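Engineer: Here's the letter readout for the chains.
Number of protein chains: 2
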Amino acid sequence: MPKFNENFFDLKESYLFSEIAHRVNAYSEKNPNKKIIRLGIGDVTLPLGSKVISQLHEGIDALASAETFKGYGPEQGYDFLRLAIVDYYSRNNISINPCEVFVSDGAKSDTGNITDIFGRDNIVLIPDPVYPVYVDTNIMSGRNIIYIDANEENNFLPMPDDNVHSDIIYICSPNNPTGATYNRDQLKNWIDYALENNAIILYDSAYECFITDETLPRSIYAIEGAKKCAIEFCSLSKTAGFTGVRCGYTIIPEDLTFLSSSGIKISVNAMWNRRQTTKFNGVSYIVQKGAAAVFSPEGMAQCKSNIKYYQENAKIILNGLLKKNISCFGGVNSPYIWFKCPNNMDSWDFFDYLLDNAQIVGTPGAGFGKNGQKFFRITSFGTRDSTIEAMKRIDELI
Amino acid sequence: MPKFNENFFDLKESYLFSEIAHRVNAYSEKNPNKKIIRLGIGDVTLPLGSKVISQLHEGIDALASAETFKGYGPEQGYDFLRLAIVDYYSRNNISINPCEVFVSDGAKSDTGNITDIFGRDNIVLIPDPVYPVYVDTNIMSGRNIIYIDANEENNFLPMPDDNVHSDIIYICSPNNPTGATYNRDQLKNWIDYALENNAIILYDSAYECFITDETLPRSIYAIEGAKKCAIEFCSLSKTAGFTGVRCGYTIIPEDLTFLSSSGIKISVNAMWNRRQTTKFNGVSYIVQKGAAAVFSPEGMAQCKSNIKYYQENAKIILNGLLKKNISCFGGVNSPYIWFKCPNNMDSWDFFDYLLDNAQIVGTPGAGFGKNGQKFFRITSFGTRDSTIEAMKRIDELI
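Here the protein sequences line up with chains L and H, keeping their order. Each step along the first sequence adds one to the number in the numbering used here, with nothing skipped, and position 303 is 1286. Each step along the second sequence adds one to the number in the numbering used here, with nothing skipped, and position 163 is 1146.
These aren't lab readings, by the way, just hints derived from the structure by calculation. Here the structure is a predicted model, which means the values were calculated and not measured. By construction, the Cβ of each residue, glycine as well, lies at the ideal position given by its N, Cα and C atoms. Don't take each hint at face value.
[To be verified] Covered stretches of chain L, as calculated for chain H (at least 3 residues, CB under 8 angstroms):
| hint | region |
| --- | --- |
| 1 | 985-994 |
| 2 | 1076-1088 |
| 3 | 1200-1212 |
| 4 | 1221-1231 |
| 5 | 1246-1257 |
Make the full structure from the sequences, and use the hints.
Structural biologist: Okay, structure coming up:
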């Protein structure tokens, strides 16, 4: 009989957001008249900007006549989009070659599928708490994970320990779920550590568009040495509200090479290219047309206006919690507000308490790792009205 | 340093279609005035039907206003599309549950990613010649592959050998590249073999819409016992011209379970669900709207009209080759015509000969396996004019 990948059986039974959905459904069945406010999953609510909308329509129009029809596109993405992304980086004074850009259907796919190019025998360093996909996909591959504590003491920004060796390092900045964002010096420390350990950094910058503090790096390539040790994953989900449209991109510098024990030079770019050409057939032409519009001056202005709306929500949430003397992280340079549960409550208990008494859905910190046990995440992606209403309810409850 | 997946180094250097592109580019640089006819890659040329176009536009319109906006969708696909696919199967008297349908961005992704759920220690049976993705993705996973010869003697429809055990069996019918299609009795033999060996069949039915002979099965589930041993992969690339739109689907019956050595019941559906929810975030809402339109009466009629056009191309190619007494396979119930290279030529030599002397690009059989060494594939996906012109040139040349 087929032998299955038994590493799957080491995964936790259910994904965090399924458990949340389960509890919310049970509550609303019992309480059909209560109005629930959902500030749990990091999903956007504002519609796409008009520039993106018009370019998506144009993409479809091209498929409606034989003269302009597009069939299979390049697995790595169309040049028009790769160049638009290169140009976006150049605005932050970062120089990327088009062949270093891989367009995909989202950062979740790429951060998951990247595990394909690595062997099983690696020491993987993952911060705790963090986006569960890094942990789950490495468990699926049977790899040895070392966790690094992110907690109140280090402002949820753990720094490398020179006494601990690792081969593959995950960094998410601005962080999901804590909203904590590394500054230049801190990232430089990580790069130095990676270069010293001959390790690779997998850098998730999905929330870079929420950075308002101009001294903070929006890309790891803003720091010297990064091209020799880091892959960067990014997404249009939060930048442009593409959670339902599906488009992301991954940057793999040509300089990112390693020398194997047998003296062969391994190009990470070439390995990912082989992975993608073999197991992926490119992103929908329609979606790529819309994605390119994001990086146009008009498209970007519309995206920024939406981001500003969410940032104002974040401020409302943050101020409301601070007023109650709750210890908060994120909320600035990040769409997430991460805070300590009142009265030393456990995060799932606080989840139930908030749902039962204020009909607000957030995300229990425990879902992101053991250091999240006493913490809670609220997102700024709701509507203004529901955000204000939620904070009013919290104000009355706590 | 990171340990890489060294199985990648066992892959052939370049993917078949890259080598073809390389040779064609070299030729056209030297001969800028020659008009090349491309009948190589299996990519469609006709525009999408108007019903699909209008539904794609509607999908975008929904994203333009907050009231109808769609963010993250279910990783498995929206119910409206899963139900449309269930209904499509029911028209062929096959009963599928919606939870057995997984919508994806294409069959290439799914046939590649399915390897994630299996352990390394499996004996994989793959016909030769065949679509290269099955072989390459299993090499990437370091698995032991047994090839089963498809050749003139068995009409390119190899049957199981009861003396050879295997755990995972790939079947592609109608076959890419040979166009050969299994009948019901033959498929029943494969299912009996799989059940006896406690093996799993990975059945690729991407070309099912080209079957005109009503006695031939369009799905493996048309045959008794299949739900206990087979996964089916299908795609809208050829059914609806979605090569650039990107949508496919995979059926994993709930009955497809295995008992592990330690007595645990393994549900293949649950394992794939875990893989997809962890490493995939669903298909673009826009694309799913267009895909659902494919299965509407009007949408399907438009798709069938396009398929008929390609089928007539296939007839033109087949008749032209038969006139020259060339031994042909496929071309009926398949968009591919697979034929023996004239004068006992090797397939890459014939590729160069046809390019140099008739400016026609086809696909050398050797690219699909050793049994393709003396064979050649031409597709019916060109325009009518270019198909007629190509056959005129072949008529003069051979």
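Engineer: All hints are to be evaluated individually against the structure, with a verdict given for each.
Structural biologist: Do the hints match the structure? See the list:
Residues of the region 985-994 of chain L with a Cβ under 8 angstroms from some Cβ of chain H number 8, which satisfies the need for three, so the listed coverage holds. As drawn, the region 1076-1088 of chain L meets chain H at 1 residues by the rule of a beta-carbon pair under 8 angstroms; below three, the given contact is violated. Coverage of the region 1200-1212 of chain L by chain H is violated in this model, with 0 residues showing a Cβ closer than 8 angstroms to a Cβ of that chain against a need of three. Residues of the region 1221-1231 of chain L lying with their CB closer than 8 angstroms to a CB of chain H number 5, which satisfies the three-residue condition for coverage.
Three residues within the 8 angstroms Cβ limit are the bar, and the region 1246-1257 of chain L against chain H gives 4, so the coverage statement holds.
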